[in-house]
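Protein chains in written order, with the working numbering: chain S, 1 to 308; chain F, 1 to 308; chain E, 1 to 308; chain Z, 1 to 308; chain D, 1 to 308; chain G, 1 to 308.
Derived by calculation from the structure, the hints in this document are not laboratory data.
Misleading hints may appear alongside valid ones.
A pair holds if it fits inside one copy or across any two, identical chains being indistinguishable in the list.
Stated by the list, open to error - Taking lysine-lysine pairs in the DSS-like style, the calculated list, with each CA pair at most 30 Å apart, reads:
#1 Lys-245 <-> Lys-13
#2 Lys-13 <-> Lys-292
#3 Lys-223 <-> Lys-292
#4 Lys-233 <-> Lys-13
#5 Lys-223 <-> Lys-13
#6 Lys-245 <-> Lys-223
#7 Lys-245 <-> Lys-233
Spelled out, the chains give:
Number of protein chains: 6
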Amino acid sequence: MDKSTYRHEGLLKSVVTTLSQESQLQNMCHMRWQGEPLPSQAVIRRIIELCRSVLFPGFFGVEGVNSYNIEYNIGMQCEELLNLLDNQIQAGLILALCGEEYDAEQIGHRARDLAMLFIAELPELRHCLQGDVRAMYLGDPAAVSCEEVIYCYPAIKAIGNYRIAHTLLSLGVPVIPRMISEMAHAETGIDIHPGAQIGNNFAIDHGTGVVIGATAIIGDNVKIYQGVTLGAKSFDLDDDGNPIKGIPRHPIIGNNVVIYSNATILGRVRIGDGAIIGGNIWITDDVAPGEKLVQAKADNILRFKNDE
Amino acid sequence: MDKSTYRHEGLLKSVVTTLSQESQLQNMCHMRWQGEPLPSQAVIRRIIELCRSVLFPGFFGVEGVNSYNIEYNIGMQCEELLNLLDNQIQAGLILALCGEEYDAEQIGHRARDLAMLFIAELPELRHCLQGDVRAMYLGDPAAVSCEEVIYCYPAIKAIGNYRIAHTLLSLGVPVIPRMISEMAHAETGIDIHPGAQIGNNFAIDHGTGVVIGATAIIGDNVKIYQGVTLGAKSFDLDDDGNPIKGIPRHPIIGNNVVIYSNATILGRVRIGDGAIIGGNIWITDDVAPGEKLVQAKADNILRFKNDE
Amino acid sequence: MDKSTYRHEGLLKSVVTTLSQESQLQNMCHMRWQGEPLPSQAVIRRIIELCRSVLFPGFFGVEGVNSYNIEYNIGMQCEELLNLLDNQIQAGLILALCGEEYDAEQIGHRARDLAMLFIAELPELRHCLQGDVRAMYLGDPAAVSCEEVIYCYPAIKAIGNYRIAHTLLSLGVPVIPRMISEMAHAETGIDIHPGAQIGNNFAIDHGTGVVIGATAIIGDNVKIYQGVTLGAKSFDLDDDGNPIKGIPRHPIIGNNVVIYSNATILGRVRIGDGAIIGGNIWITDDVAPGEKLVQAKADNILRFKNDE
Amino acid sequence: MDKSTYRHEGLLKSVVTTLSQESQLQNMCHMRWQGEPLPSQAVIRRIIELCRSVLFPGFFGVEGVNSYNIEYNIGMQCEELLNLLDNQIQAGLILALCGEEYDAEQIGHRARDLAMLFIAELPELRHCLQGDVRAMYLGDPAAVSCEEVIYCYPAIKAIGNYRIAHTLLSLGVPVIPRMISEMAHAETGIDIHPGAQIGNNFAIDHGTGVVIGATAIIGDNVKIYQGVTLGAKSFDLDDDGNPIKGIPRHPIIGNNVVIYSNATILGRVRIGDGAIIGGNIWITDDVAPGEKLVQAKADNILRFKNDE
Amino acid sequence: MDKSTYRHEGLLKSVVTTLSQESQLQNMCHMRWQGEPLPSQAVIRRIIELCRSVLFPGFFGVEGVNSYNIEYNIGMQCEELLNLLDNQIQAGLILALCGEEYDAEQIGHRARDLAMLFIAELPELRHCLQGDVRAMYLGDPAAVSCEEVIYCYPAIKAIGNYRIAHTLLSLGVPVIPRMISEMAHAETGIDIHPGAQIGNNFAIDHGTGVVIGATAIIGDNVKIYQGVTLGAKSFDLDDDGNPIKGIPRHPIIGNNVVIYSNATILGRVRIGDGAIIGGNIWITDDVAPGEKLVQAKADNILRFKNDE
Amino acid sequence: MDKSTYRHEGLLKSVVTTLSQESQLQNMCHMRWQGEPLPSQAVIRRIIELCRSVLFPGFFGVEGVNSYNIEYNIGMQCEELLNLLDNQIQAGLILALCGEEYDAEQIGHRARDLAMLFIAELPELRHCLQGDVRAMYLGDPAAVSCEEVIYCYPAIKAIGNYRIAHTLLSLGVPVIPRMISEMAHAETGIDIHPGAQIGNNFAIDHGTGVVIGATAIIGDNVKIYQGVTLGAKSFDLDDDGNPIKGIPRHPIIGNNVVIYSNATILGRVRIGDGAIIGGNIWITDDVAPGEKLVQAKADNILRFKNDE
């Protein structure tokens, strides 16, 4: 029998009471009886696993795919995907209503339709990712094969999650797209907002620290390196001193652009087709098509001997 | 029967013998009979889960929180938290003694008291995180609701872990705070040392690559972006050529300061209240209150056409 | 019975058929009957766990190591390691043949020999990591003990994985080294290509965003901070407009060099012994031994008051 | 590549097709889209765990019950029990309709009400089991304490499951009671039909092979041993040669009766109060109150020396 | 540090050494390098799960079977079944060689062929079990539906495992059939040797304690109750005093026979078609067709009042 | 939002309150703060796994035992066994004190010593089980090899658990022996009280329903079949009408005795060396050495035609 336990029992009870008080819970608690279900992180994770497994059979998810079982496998997984998505989209739609009354049956049908519309996009999603894989393989001297790119490169996970999330967001699914892109963010350090519009054959190398904002537009055949930010200047505030929401505020990147590591491009600027942006540069103005910008080193660095 | 196995068996045994030799194990092995227990990464992870679940009920941990069960839930979790913390703090205290003799009963009581003191801080911790959530919601044009911030934003995890770790460190708990902040670092790419002092309504956006050093001090209503370093200049070495430990060596940031992406602020400099630090800047001197610093682009970038 | 299910059943079947078509699967599917096994991410993860457990007994993997059981523990784990590695290397060797015919028995023996050669390197690997741990402890004013470095510092995981991956690559093992380094990349945000050559007593602080390229060479006693890139300039393209593969294209870093946060060093440049590279600098030329480079701040930043 | 695989692929596909044919599936397949959900063995198992944990706190289920947490624990478990039962009863009610149309909302409310009525019976169930435990302790010379009876004796599991199943059956819940009693049957070898009516202070010793039929009635303070059957004579058949269903056909056992191992009592006979039935006896007629029956050994056994 | 640990360390080591000595291990140890693999209990358990899931879709194994997915499901499971069986049969064949040399490739092909032959029997197995289910439903007044029989009755598990095991044994698979029947024995208390030959429409009620020997032959439409033994008289011994192996030594039961609870029938006797054997009878001679035997009660029981 | 939920919330709370009342919990609740820990079913199950793995290496527990790893394996498992046993014995000793005060350190040392004494018995236990395996192999015409007996026969599990439990009981360990024998009872239907004394080369065939009482004594080379009871007559009651505890009340069986299925032997009778007891017999008197008893069939069965 542990005496010290007794000393603390009353205190413990009183902390519990405080933490359970409604006043203390303001905005910090999601109730499920008086409020409503929340999309589940674990289920969304499973949804991403299923998408990866269906889009890249044999690389992710189910092992041992072959000509005998490929249709069985994809058939089973698409059904699971449909059911989980249906259920999660329903939770997302209700969450987005912020407590307004709703018709449960109608929400149910809408969720099922949205889930099915997403499923119908899977062939197009695979086609699109095929282009990204090829671009990544061709653009990286260290890449040994497309298989290595699919299986080992974090950017494929980040771009894959982005394309899934963007498709869902375009269909009108709330909350879940953001959860999907944050999962890739945690896995890879690459943070692409699902609202961004990104063209074909998109490549990211290394990728840690990349940030692509919600209203960014990126053309075809673009390649970016680690630490690149396509952000908002975001100095404009409303009357209450808070950033104004919903305005196009991130860069528009043309086709065939390369952006090297740690470059920062801010605001609704246009980077013209074929431009090359060198590393560690900070850009808040338009760049003309075909222009190439690099940091001016000469004036920029002080050199002296260690013992000075 | 696999013949090649025999070929290797003797070699395998001899590697095992070498790897088990005391001389080979110098500093690389933690023994438990002659030495003592180590705080467990898995248990600390569970402790963080419990804290998140108790601080943000219904968002993390237990699903389906409602008015019927909220007190039961929090009651159960606080007890588990108390017991796990008690146990881990004990391991931490013994580890910090580095092999010195100790009175097990006394250590046991101290650990239990420290665990209970931490539990008693939970309501204050929740209150503090409420401010951070609100600041993050108000400061990000892309944020849809406080719920989205709590549920999706990695910075909430990083700041949450920091506030938990800082509370433990302030109570005198060794080792465990660092483990907690490294968990957030791995999850989010945000590296906040538990020793840093951070005011209310703190916001981080995107966050990958943020580094906040052990002796940094940050005021209220501060907002920082991805890749910001609040570091030490750290060129000062002792007689043996090693960095001197324990000296205040990180910046002091005032209230209402904004620091944009990839800015690097080094050394015990002061950034005055209301200052705005632009992205990709390298600062090793004080900045006056209300000052706004941005990179001088004009002289800094070479522009030429791609075919030059 | 859910009517809406019927509505979607036919559509679902047709998507499944499309996704299973051979034409749709081009490069995106890894088959196992007509093709061959793939190294398993889960098994490689277990291999890394075993390596960490054997190299740092009592810190990772098995708990409660002591003088009674250390040889039993290491003996059990080395055998599991040998068997798993054997199996994975075999998968890697076959994958690297890209569908060419092969002699299964011969591949089997080669895999077993390679696995055993790796096991034989474990004592040397531990010795080497001992140096890295000590360097990290001595070089960080915030480090409390070598134990804290081993147990809490992400860089130890990244450097450990690198040294394991580099050893395997040097032995001629394909694919798996890259998988191992990407695991550390995901865990720590530190991306070290297994092809890089890194000397003794290597230290990384914080580390998020560090990129070290495939042909980089690093001397002894080097220390680098978060966000440092040792990359390729990579503007040279072949006749098809793709980067040329296999050329030495990353920097050579001398002994006793320090490189501060977010510095970018590109191309086959030489950084001389004892050089110090300040943060946020972009370097594409050689740096002489003992030279110290820092960003020229004065001309580089525009200062104005917030209300201007 | 395994050649023998090819040989079998076609055959495998054809077996799969045969096994999937509707004609082959007659009565052997439970479909969920065109048919309806089935109560889940795994969930029912969890329901039994929860009942045991709530009825015998600290012995089963949650460990470490104490005065601080007992109400939290029971509160959490009763809610989980209510929700799981609700859901399973719904599945049971629909299954029992055998494909008839139904009003889903009405079934839902009925299931919830039944689940709640069961919860309301829990205090009475515990009271009743208290009597069984005491009877088992007092009646077994080998029993050390009531705690040992609760924790180690299989009969407590079998009688507990029976009392739970009987309560559900009495409320009108279909299918699930039988599943619950078969779980105890598998665990203990004791097969008590949930339809049986059993009085207070019921004791079973050892228990393997005990069978108590659906229409059996047992008084208070009865004790039975392993291998006892209270069965139906069941020689009466209907016009089709099948046993007639639904008729009272099992014994009525009075109060204070003891029945020793392997006794078989068949048909709607009455065993009077206080009767004692010896082992290995076969009874198909009434036994008067207070009567004691034992096998007549003398005439019943042939004795000879081994070498005869 | 626990002093008592030291006291025991040496003793522990010496017990370990003793237990590892080859002389001590005689017959009690199965080695895998110098010996060979053993069929795995866990894998055999999975094989049974798969069989049940494929034979009774929607009742066991995969949940939510429907017209969309039934072929996908059965297709996936048959492949897993084929692969696991292949592998286990190989282990069984090698084990049965008791250390003799063998041609691994030849054994591999034989195992694959045997596994495929079993798969080809699945439709017939399902057909056969359909008859057993119907017989059980028609023969039990307490049975509500065929679904209840499939889902709740332990005898279906025991008879199912028997039919699977018997099919494998008939194909010449060693060891595994016995493992499969012992699994049902543990689950249900019904012990049917895989060598027994059992006709169509076989029913067992309750079943605990049923034993059916290796050379027993049972006709069609037979029904037996709990505790029935169809055993060997087995008093005949060889010159060493051990029972002689391999001789037909268990009963032959005709068609349409019913055997009530705890009846014991021993030796190679014939029970004629349509016979009825009452409970608790001990039979070692033939019974004529149509005969009905019951225990003679009158002379067999002593009755007296409790207080005599 | 589910309205029906609200209806039940109040009722649920009130049931919870009732179930948590101290008065309701009488004897039915095991508290851990005011009371003390309970031996854990899950840990005891692990202890049995470890014993089986150590006693029959390669058959149970760890797979892939070979000459390289056998000592490592047994070394690791003996240590785990020692620690788990130590801990569980401590719990058992405290439980047996029924709330009396005790010296925790003293109990700790006694538990450790008892655990170590058990470990020291392992070689003898293995030797003893070797005899049982051989007896079972020689005595069963259906047994193919000793390996099959070890791997498939439930009786080996039951006898193994008995010998472990008996050893612990003989050392003075309370509660845990009974838990161990009940585990085998649930697994096999064989119920051997740990207090029974059983000689060498003991064999049980089939075994379901076997009961061997606490004070039974069994000689060497004894073989028993399914359904055999060695029980107490147990008609003697104390003044309160309860069975008197602690008296020798079960049979003494000599050497070389065979007891066939469903025989019941009750009370402190002696069955002489070499006796053979036929099936379905009920014995309450001594049997002379070498005697053979079988049921007298002739007078015991009524025969008539089915249509009579």
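Results of checking the hints against the structure:
{"no.": "1", "hint": "Lys-245 <-> Lys-13", "in the structure": "neither (43 Å within a copy, 42 Å between copies)"}
{"no.": "2", "hint": "Lys-13 <-> Lys-292", "in the structure": "neither (66 Å within a copy, 50 Å between copies)"}
{"no.": "3", "hint": "Lys-223 <-> Lys-292", "in the structure": "within (14 Å within a copy, 33 Å between copies)"}
{"no.": "4", "hint": "Lys-233 <-> Lys-13", "in the structure": "neither (49 Å within a copy, 47 Å between copies)"}
{"no.": "5", "hint": "Lys-223 <-> Lys-13", "in the structure": "neither (57 Å within a copy, 36 Å between copies)"}
{"no.": "6", "hint": "Lys-245 <-> Lys-223", "in the structure": "both (28 Å within a copy, 17 Å between copies)"}
{"no.": "7", "hint": "Lys-245 <-> Lys-233", "in the structure": "within (13 Å within a copy, 38 Å between copies)"}
Consistency with the previously given hints fails for numbers 1, 2, 4, 5, ordered from lowest to highest.
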